[in-house]
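J.: Using UniProt numbering, count along the sequence shown one by one with no gaps and you end on 95.
FYI, nobody ran anything at the bench for these hints, they're computed from the structure.
Idealized CB from N, CA, C, for every residue including glycine.
Be aware that one or more of the hints could be misleading.
To be verified - Pairwise CB distance ranges, derived in the manner of DEER restraints: (1) A20 <-> I95: 16 to 26 Å; (2) A14 <-> S58: 27 to 37 Å; (3) P12 <-> D94: 30 to 40 Å; (4) A84 <-> V38: 32 to 42 Å; (5) E73 <-> I95: 29 to 39 Å; (6) P86 <-> V59: 28 to 38 Å; (7) D94 <-> T11: 27 to 37 Å; (8) E70 <-> S46: 30 to 40 Å; (9) E45 <-> E70: 18 to 28 Å; (10) T11 <-> S58: 25 to 35 Å.
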Amino acid sequence: MVLEVADIQVTPGAEEEFLAAYRGIRDVLVTTPGCNSVRMTRGIESPARFTLLVEWDSVEAHEDNFRASERFERWRAAIGPFFAAPPNVEHFTDI
1 MVLEVADIQV
11 TPGAEEEFLA
21 AYRGIRDVLV
31 TTPGCNSVRM
41 TRGIESPARF
51 TLLVEWDSVE
61 AHEDNFRASE
71 RFERWRAAIG
81 PFFAAPPNVE
91 HFTDI
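The task is simple: from the sequences and hints, build the whole structure.
T.: In structure tokens:
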């Protein structure tokens, strides 16, 4: 299992629009083969900061089944307009 962690900075003032867009497109991510769970968190002290946590079968499942597919294009088209900067995305494994 691999955990994708995406640190997302949303343009201040666009947080609610971002959340609505995320809720509307979330199923595109959730139904991707190799995706096991999806969780979005929001900063309390920094309400324009969100962290997306996705459990994948492998890095390849994320890269091949999502990032290299039309699913990612739809995902990014829906939520990307609200980004203040490109998200920082990394993969982690349990120890």
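J.: None of the hints should be skipped; say for each whether it holds.
T.: Going down the list of hints, with the structure as the test:
At roughly 37 Å, the beta carbons of A20 and I95 sit outside the given window of 16 to 26 Å. Evaluation of the 27 to 37 Å hint for A14 and S58 yields a pass: the beta carbon distance comes to about 33 Å. In this structure the hint that P12 and D94 lie 30 to 40 Å apart at CB holds, the actual value being about 34 Å. With their beta carbons about 22 Å apart, A84 and V38 fall outside the hinted range of 32 to 42 Å.
Separated by about 34 Å at the C-beta atoms, E73 and I95 satisfy the suggested range of 29 to 39 Å. Our hint of 28 to 38 Å for P86 and V59 is violated, since their Cβ atoms are close to 19 Å apart. Taking the beta carbon of each, D94 and T11 are about 34 Å apart, inside 27 to 37 Å as hinted. Take E70 and S46: their Cβ atoms lie about 32 Å apart, and the range 30 to 40 Å holds.
Between E45 and E70, the C-beta spacing of about 36 Å breaks the proposed range 18 to 28 Å. Between T11 and S58 the beta carbon distance is about 33 Å. The supplied range of 25 to 35 Å therefore holds.
Hints 1, 4, 6, 9 from the earlier list are contradicted by this structure; the remaining hints agree with it.
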